[in-house]
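Use the sequences and the hints to build the structure in full.
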Amino acid sequence: MLIYMLKRLLQMVPVFIGATLLVYFLVFSMSGDPIAALSGGKPMSPAVEAQLRAQYNLDQPFWIQYGIYLKNLLTLDMGVTFSGREVSDVIGQAFPVTARLAVLALGIEAVFGVAFGVIAGLRKGKFFDSTVLVFSLIVIAVPTFVLGYVLQFVFGMKLQWVRPTVGAGAGWGDLILPAVVLGLVSFAYVLRLTRTSISENISADYVRTASAKGLSRTRVIVVHVMRNSLIPVVTFLGADLGMLMGGAIVTEGVFNVPGIGRLLFDAIGKGETATTVAVVSILVLVFVIANLVVDMIYALLDPRIRYA
Amino acid sequence: MRMNRVLKGVAVTSALALALTACGGSGDGGGAAADGVVTAHNTEPENGLIPTSTSEVGGGRVVDLIYAGLYSYAQDGSLQEELAESVESEDNVTWTVKLKEGQTFSDGSPVTASSFVDAWNYGADSDNAQKASYFFNTIKGFKDSDEEGADELSGLTVVDETTFTVELMGPESDFPLRLGYSAYKPLPEVAFEDMAAFGEQPVTNGPYILAEDGWQHNVEMELVPNEDYEGPRAPKNNGITFTIYENYESGYQDLVSGHLDVMDQMPPNALDTYEDDLEGRASSRAYAGNANMVIPGYLKEFEGEPGKLRRQAISMAIDRQAIIDTVFKGTKEVAKEFTAPVLDGYSEDIPGSEVLEYDPKKAKELWDEADAISPWPEGKVLKYTSNVDGAGNREYIEAITNQLRNNLEIEAELDAISTFQEMRQIVSEDGLEGISRAGWQADYPSLYNFLGPLFGTGASSNDGRYSSEEFDAKLQEGLQADSVEEGAQFFNEAQEILFEDLPALPLWYQANQAGWSADVTNVEQGWDGVPLYYNIETVE
Chain A
1 MLIYMLKRLL QMVPVFIGAT LLVYFLVFSM SGDPIAALSG GKPMSPAVEA QLRAQYNLDQ
61 PFWIQYGIYL KNLLTLDMGV TFSGREVSDV IGQAFPVTAR LAVLALGIEA VFGVAFGVIA
121 GLRKGKFFDS TVLVFSLIVI AVPTFVLGYV LQFVFGMKLQ WVRPTVGAGA GWGDLILPAV
181 VLGLVSFAYV LRLTRTSISE NISADYVRTA SAKGLSRTRV IVVHVMRNSL IPVVTFLGAD
241 LGMLMGGAIV TEGVFNVPGI GRLLFDAIGK GETATTVAVV SILVLVFVIA NLVVDMIYAL
301 LDPRIRYA
Chain B
1 MRMNRVLKGV AVTSALALAL TACGGSGDGG GAAADGVVTA HNTEPENGLI PTSTSEVGGG
61 RVVDLIYAGL YSYAQDGSLQ EELAESVESE DNVTWTVKLK EGQTFSDGSP VTASSFVDAW
121 NYGADSDNAQ KASYFFNTIK GFKDSDEEGA DELSGLTVVD ETTFTVELMG PESDFPLRLG
181 YSAYKPLPEV AFEDMAAFGE QPVTNGPYIL AEDGWQHNVE MELVPNEDYE GPRAPKNNGI
241 TFTIYENYES GYQDLVSGHL DVMDQMPPNA LDTYEDDLEG RASSRAYAGN ANMVIPGYLK
301 EFEGEPGKLR RQAISMAIDR QAIIDTVFKG TKEVAKEFTA PVLDGYSEDI PGSEVLEYDP
361 KKAKELWDEA DAISPWPEGK VLKYTSNVDG AGNREYIEAI TNQLRNNLEI EAELDAISTF
421 QEMRQIVSED GLEGISRAGW QADYPSLYNF LGPLFGTGAS SNDGRYSSEE FDAKLQEGLQ
481 ADSVEEGAQF FNEAQEILFE DLPALPLWYQ ANQAGWSADV TNVEQGWDGV PLYYNIETVE
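Protein chains in written order, with full-length UniProt numbering: chain A, 1 to 308; chain B, 1 to 540.
Think of the hints as simulated: they come from the structure by calculation, not from any bench. Beta carbons are placed, not taken as given, at the ideal position from N, Cα and C, and that holds for glycine. Please note that a few of the clues may not be correct.
Stated by the list, open to error - Listed next, the stretches of chain B that the computed footprint assigns to chain A, with coverage defined by at least 3 CB atoms under 8 Å from CB atoms of chain A:
1. 45-55
2. 240-248
3. 422-433
Stated by the list, open to error - With a straight-line Cα cutoff of 20 Å, these simulated DMTMM-like cross-link-like pairs (lysine to aspartate or glutamate) come out:
4. A:42 to B:430
5. A:158 to B:249
6. B:336 to B:493
7. B:143 to A:49
8. B:336 to B:348
9. A:42 to B:305
10. A:42 to B:56
11. B:380 to B:411
12. A:158 to B:276
13. A:42 to B:429
14. B:300 to B:413
15. A:158 to B:275
16. B:361 to B:319
17. B:98 to B:167
18. A:42 to B:422
19. B:100 to B:56
20. B:383 to B:422
21. A:158 to B:279
22. A:158 to B:277
23. B:336 to B:496
Structure below.
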């Protein structure tokens, strides 16, 4: 298991380099001159412009720029933003907020998705099942920002249960509504996945055997049916953590959450390579680690899957 | 039990997640207008709070509140003295600045002539890459400081503790008007030790100071009243907390639901409803900004006599009021000249301004007249280049091109550029193939600030590369005039020349819509559309 993990961690190195190279290249080839836009259309002295260009290595060819970036990264220097702040500081401030948001969303979708999915799967074709299916279809079909604005309007402005935006602090409680919006689409998928899986396994031979042995229904469902049915769900949830972090862009915009999504959106708009690449690299890392964790949970769920 | 393993897995994952997120911040509700503190909408400043590197409103409004310069602008744009005792000149070239005695920064260090001279020298030196360095370009020695690496402007001289002189490259009658702008604020000595760190937590002398660790990036900025401040902008509240929003929509939600006190601009989707939503707690005011369309001088079809006729035709084919009513819900004012109505010396009756009146029949005649001299190329589409990441750009330009198609019977269309930075690049490379969108917001309340930078020969924001000796000469006369009023006359005569040549077509004056919560009163917008935050009072 340990060797397997080490191998997997080593695999991350080429993935990381490849991802940063790709993103760096994409930002580099984005049209438009970031320095020209920096002064917002107001005059800027050509000497100052040249100075700024040199400061951010924008006067260098692509490979040199990327080389400098990698070299700095090895000394844990992620560069500075156009406003002169350390990218590591900026990310260090935004990352925990988005991580909280994503974990909360993941929690909501996992708990409710699995619970509803199990009930629906056990009562296939009944009223609860059909209602939940129709509801999940609607949730999948409606774009996130529409959901966001609607929930913000209903709970924030009309009912006034919560503040419409998150803003300062961004604690767990403040993030519940945005997390619901963020997790809602995945919730629908988790639900459908669980439901299908459960309804398939419920009629499997081993379940019949377990029942025949005289085990209680609860025990059959929890230990035998659910355990086998959750493998695809766990796979989905693992991959989804990365998606949630990156996908927070829309939700963070709607609820004014000072997180990674907002930072990334802003950095791309400004053509700020250092921040963009750093944020994307972190998202790649989260993705890779989440997948590793998923693989390890496999082994726990199904002893037949073992790693040498 | 096997189940335990599953549980263990879940526990490990959640522990990992918790470790990743550390412990979360606490959710402080931040009730509106609590303790006499006003909460206001802002965007994240693009730079540290250093006056000479701040050229956008997000940082500008904070810089204006925490620093005091020689002057500040009253609501109508007139100068009010802050630190200046007097700013005088015999010839409009060499200006003597005298400071009031006994002024200090918030750390107790005195504000002296050197506080100004050092700050300006720092700002002008291109080695420091200050974005507002351009504001010093009329001071003698700027070129050396900008290009040759000199550390000091030769035009600045410290005479004594509270006096310094400024020698300009040429006469400038409206020079004092500049001095309320944020780039001309003083800096304490401690700033020069580490400018980046200073920008995060500056030591200042304005009506407010930034609270200790008051700037949480992307979240909020907390300003508290400066007890040592003695100028005309004395705070009437117990502080201002700027909440930083990514967009105006989410700020508006907070405003309407009572979680935010003041917003200085309404989001486009609320223009129809904001007066009802806010139950009248809103105001609209024209500020020193305009929108116009630039017709570059380097386009063949717009050269010479037919070019002039075509410019006039385009101008008369646009129904400006209709576009303001439909696209902007009546929140702008039709332009009558090239500057803005809030300025001293503004005149609605500049000869030649008739060309701004909507007259589709006349427009078509003029266009045909041009075609008779030199025909418009067969099948050529008149492109109207604009970035479409700004609110309303796409809508209004599509409306204009539609009017041009109908009224002039030509092909015209929006040439949509996705971002502002791409647009600036095209403009700076003289790459426009047709009309381009332009707008200007004044830095200081002077007619010259619109005319010089936009239409002077070789000026930096002269997107259409307009050049006219006659126009330049008029501007010079205005700059040499004995007073601001006299200068304004010359500047308006310069505008007559613009109406003759039409290097750009004025469209409308910008107006700003401010809104506020029931917890505050006395919200007034200044000449630049920014609310006078120090005047806002909270309601018990």
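Quick rundown of the hints versus the structure:
no. : hint           : result
1   : 45-55          : holds (count 5)
2   : 240-248        : holds (count 5)
3   : 422-433        : holds (count 5)
4   : A:42 to B:430  : holds (17 Å)
5   : A:158 to B:249 : holds (16 Å)
6   : B:336 to B:493 : holds (14 Å)
7   : B:143 to A:49  : holds (15 Å)
8   : B:336 to B:348 : holds (6 Å)
9   : A:42 to B:305  : violated (32 Å)
10  : A:42 to B:56   : holds (9 Å)
11  : B:380 to B:411 : holds (7 Å)
12  : A:158 to B:276 : holds (15 Å)
13  : A:42 to B:429  : holds (16 Å)
14  : B:300 to B:413 : holds (19 Å)
15  : A:158 to B:275 : holds (18 Å)
16  : B:361 to B:319 : holds (12 Å)
17  : B:98 to B:167  : holds (15 Å)
18  : A:42 to B:422  : holds (15 Å)
19  : B:100 to B:56  : violated (29 Å)
20  : B:383 to B:422 : holds (16 Å)
21  : A:158 to B:279 : holds (16 Å)
22  : A:158 to B:277 : holds (12 Å)
23  : B:336 to B:496 : holds (12 Å)
Taken one by one, the earlier hints fail for this structure at numbers 9, 19, listed in ascending order.
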